[in-house]
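Undergrad: Single-letter residue listing:
Number of protein chains: 2
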Amino acid sequence: VLRLIREDGVATRTELARLTGLSRPAVAVRVSELITQGLVTERAHGPSTGGRPPVRLAFNGSGGAVLVASLGYSHGHLAVCDLAGEIVVMDETRLAAERGPEMVLPALLDRWAGLLTEAGLSAADVRGVAIGLPGTVEEASSFLEPPGLPRWEGAAIGPVVAQRFPVPVFLDNDVNVMAIGEHHAHRADGVDDLLFVKLSTGIGAGLILGGAIRRGSLGAAGELGHTPVPDGRGVPCRCGNDGCIEAIAGGAALLERARLKRPELADLTELTALARAGDPAVVALVREAGRRIGEVLAIAVNLLNPSIVVLGGDLAGAYDPLVAGVRESVYQRATARATRRLRIEPSRLGDNAGLIGCATLALDQVLAPESIDALIP
Amino acid sequence: VLRLIREDGVATRTELARLTGLSRPAVAVRVSELITQGLVTERAHGPSTGGRPPVRLAFNGSGGAVLVASLGYSHGHLAVCDLAGEIVVMDETRLAAERGPEMVLPALLDRWAGLLTEAGLSAADVRGVAIGLPGTVEEASSFLEPPGLPRWEGAAIGPVVAQRFPVPVFLDNDVNVMAIGEHHAHRADGVDDLLFVKLSTGIGAGLILGGAIRRGSLGAAGELGHTPVPDGRGVPCRCGNDGCIEAIAGGAALLERARLKRPELADLTELTALARAGDPAVVALVREAGRRIGEVLAIAVNLLNPSIVVLGGDLAGAYDPLVAGVRESVYQRATARATRRLRIEPSRLGDNAGLIGCATLALDQVLAPESIDALIP
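Respectively, the protein sequence lines represent chains A and B. With our numbering as the guide, the letters of the first sequence map in order to residues 1 to 377. With our numbering as the guide, the letters of the second sequence map in order to residues 378 to 754.
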């Protein structure tokens, strides 16, 4: 019943009875339980035709909140989202995953409490918590192997959060939550197969196939940065192989190459700003990086046949030449079948992809029929 | 109820009532409907403890049949399978997909009728039909773009079959049905993420992720043969690019190279026989091809993080040196995370993978709860 109201906008008890095959009294009982839970609202609507005025039901997005955070190695974002998955209040933070859970978690909990107050909400409104981290998460609640984040391994995150907010906690890889967010933003277009590519210091991917994120057998799916580029030999990569796309066209490699021409460049943000400003040397470098990235994406497009490739991450700020370069190579190297109707686009959500993805991840669970059934006595 | 009996081996009405939460009378009604449909059998079991003797229920694999065919460009296999997905009778055929549906379909229907008689079954026992073909199938029942098989495009396969067997018809790509078959053979091991690779004249893949085949947005997923091999430049491929793995290590390329040393070789079957017999020149060639294939599979393993890679197709007959070569490259090139607990193995089902996969594809649909509900008045 909730799914019909929330996802399909079904607004009357009569319609709910028809669609579910439940009796009208059975529908009435469920709807009044959902109203009690604050998940559904009703309001009188339109002129009465005699008898009781018709009442329209609606999903009550403001009937609760989820707390979300998207943490990188050096900084992060956090937010309070409503039950419709929209950001209510958000903030940037210098809290970084590398500082370890014993430092980060309590600080996160305090920051969330502050944001809740700012939003006029309380801990009682919180229905779920979700965090995206730059590591491998085997299950949605157990942290397996965060490369470079040893202190998170096996950390008891759920119990610590539960002391402040006794609700389900979800963890996922940072690129996966961005992919989930972008998928959410494309759901209205009927997109079921989406390849999200995070272009930042490194290069990673998140795979939406058949309408859901696919994490692989150990949560490690989406490793794209160590794909060898044709003609890439001779460029050593930190992974031990050589010719990997990350070593050739990742943000770190690109920044290094750009500094040969523009020694004053401090970071990727400045680099993408120069690209947007049309600096010819930087534009040429970014476009060439896009081409090399496209050669590797052609392989993934052939293998996965997505309907859309979404380019996100810091480098995606250098949108035009980057996307042009990627398109050039993908349409040339991938098969005609795999590229027919394929779109290659920059992120719709930008910096918010991870937060929206965390909210989607949490809400798809806490508003699932089983979870709602468990709430109702 | 049927799923519990079929997949989990639940054998008593009492247990069914406990697991489903249905009342005992409700379970009794459903079970007797399933017995009427021939899908479930019961037999007295064990000594009575007084009162009625305990009765054990079992899924009745022989309560019906599915007709399956796996067609290649030059030859094919067809079979009658029981409802447990086991092959009852099978046959090879020189019916090839390239002869077009107007030729192939009527002949297939006659051959199936013959096999049914041989199995002591009749058309009334048939509950579904499934065919694997070397083309791209967008939906399970509409044939989209069979490369090299223009006559199949848009062919009205369902209606033609329905004149003889008025049951659901399922079509899929030949590599996809092999992947589904191998997944079926590994289901007992809890495998949810399996990469099937068909090594034959060409090279293709089937992706099982999250427990189901993933066909991509237009049914074209699994294209692996046109992945560029590092250092592969200079070898032109029929796709127009150069350095593709298929042009370097596909069956056709391998046969050509082997003939430089063994001019008498007629086909891949003879080549793999020589490899199995230990011919040093052929073994060395096959092992090197395995290494190059492994370089490409490392990319797919990084991206998908399967728990098992299954090698099938004609070349897989040259098992030992091929698998050794593949393993060598995959474990060297793929990341430590992606290869932890990764198995790389030859096909369990061999030539039968496509037939078993077709049976699985059909049975998962015709024995699904919705389909069973529709059968029962």
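The hints are simulated quantities; they were obtained by calculation from the structure and are not laboratory data. As the structure is a computational prediction, the values presented were derived from the model and not from experiment. Heads up, a few of these hints could be off.
What follows is a set of in silico ranges between Cβ atoms, one per label pair, in the way DEER data are often shown [what the hints assert, rightly or not]:
#, chain 1, residue 1, chain 2, residue 2, range
1, B, 400, A, 29, 15 to 21 Å
2, B, 637, A, 74, 24 to 30 Å
3, A, 162, B, 708, 37 to 43 Å
4, B, 748, A, 324, 44 to 50 Å
5, B, 396, A, 346, 35 to 41 Å
In this text, a Cβ means the ideal position worked out from N, Cα and C, and glycines have one as well.
Undergrad: Give me the numbers of the hints this structure contradicts, sorted from smallest to largest.
TA: Hints 2, 5 are the ones this structure does not satisfy, whereas the remaining hints hold.
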